[in-house]
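K.L.:
Sequence:
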Amino acid sequence: MQLQKIDDVQEYTGPLYMPQTSSGSFACVPGIDAMQKFRVVPPAESVQLANTQALVQVGGSHVPQCFVAARFSPDGRHFAAVTVFGLLYVVPDFARVARGAASFEDIAKRVYMGEWLRDLVWEGQPRRLAVQTASEEMYLVNLDSLYHSLHPTSSAAATAQDPFADMAVYHLTDFSNPDLGWARARGVAFSGA
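So that you can map any letter, position 80 of the sequence shown is 80 in the working numbering, and since no number is skipped, the others follow by simple counting.
FYI, nobody ran anything at the bench for these hints, they're computed from the structure.
Backbone N, C-alpha and C fix where the C-beta goes; we use that ideal spot for every residue, glycine too.
There's no promise every hint is true.
[Said to hold, decoys possible] Taking CB as the label site, the calculated pair distances span:
{"hint": "1", "residue 1": "110", "residue 2": "6", "range": "19 to 27 Å"}
{"hint": "2", "residue 1": "95", "residue 2": "135", "range": "30 to 38 Å"}
{"hint": "3", "residue 1": "135", "residue 2": "106", "range": "29 to 37 Å"}
{"hint": "4", "residue 1": "103", "residue 2": "173", "range": "36 to 44 Å"}
{"hint": "5", "residue 1": "132", "residue 2": "101", "range": "30 to 38 Å"}
{"hint": "6", "residue 1": "103", "residue 2": "72", "range": "17 to 25 Å"}
All chains, full assembly: derive it from the sequences and hints.
P.N.:
Have a look at this one:
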């Protein structure tokens with residue numbers, strides 16, 4: 001699976017509200033301006049064909065295929081992990097694999113996020129993840145978009161077999177550093193300073 005940007009027709013939501021406080025100023029941004037929604041869709045057939053014939057350099061060094069971060073959901077039922085290659089794995093009710101009721105390949109959702117991933121965090125309940133990329137971008141992954149209803153959809157509710165069938169991804173805009181947008185537009189990774 002991969003991300004597909006949704007180009008909503010958005011209305012003007014008014015000027016940016018920036019109240020002054022004793023510790024500085026805060027930018028209050030409407031949610032419609034703070035998040036860009038993505039659909040989780042299967043990759044194009046051309047991409048799938050290209051991936052089956054990948055070229056591998058013999059004898060060259062390469063980044064090992066491994067998870068860079070892995071977390072259990074707060075209720076302990078689900079598992080999520082990210083790789084340096086930009087893959088987010090979400091495994092609903094992973095104990096089914098240990099019981100032999102399902103295989104990992106059958107129940108794991110694999111989403112290509114488009115860039116190297118660094119970390120992920122479950123929210124206090126098992127339906128939402130925050131994913132951080134190597135360039136400090138943040139994504140909010142609603143595993144059940146109908147539950148959070150940021151953007152209600154008309155698709156069918158998730159089944160017991162695939163509780164995350166209604167997954168939605170949101171790219172969060174970073175307003176904390178005014179120079180950050182300049183650096184990202186030029187492909188410069190943010191150092192955190």
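K.L.:
It remains to establish, for every hint, whether it holds in the given structure.
P.N.:
Going through the hints against the structure:
Separation of residue 110 from residue 6 is about 21 Å and conforms to the stated range, judged on CB atoms against 19 to 27 Å. For the hinted restraint 30 to 38 Å between residue 95 and residue 135, the CB-CB distance of approximately 35 Å keeps it satisfied. Take residue 135 and residue 106: their Cβ atoms lie about 33 Å apart, and the range 29 to 37 Å holds. At about 39 Å, the CB distance of residue 103 to residue 173 agrees with the hint of 36 to 44 Å.
In this structure the supplied range 30 to 38 Å holds for residue 132 paired with residue 101, their Cβ-Cβ distance being about 32 Å. Between residue 103 and residue 72 the Cβ separation comes to about 20 Å, which falls inside the hinted range of 17 to 25 Å.
In terms of the numbered hints stated before, the structure departs from none.
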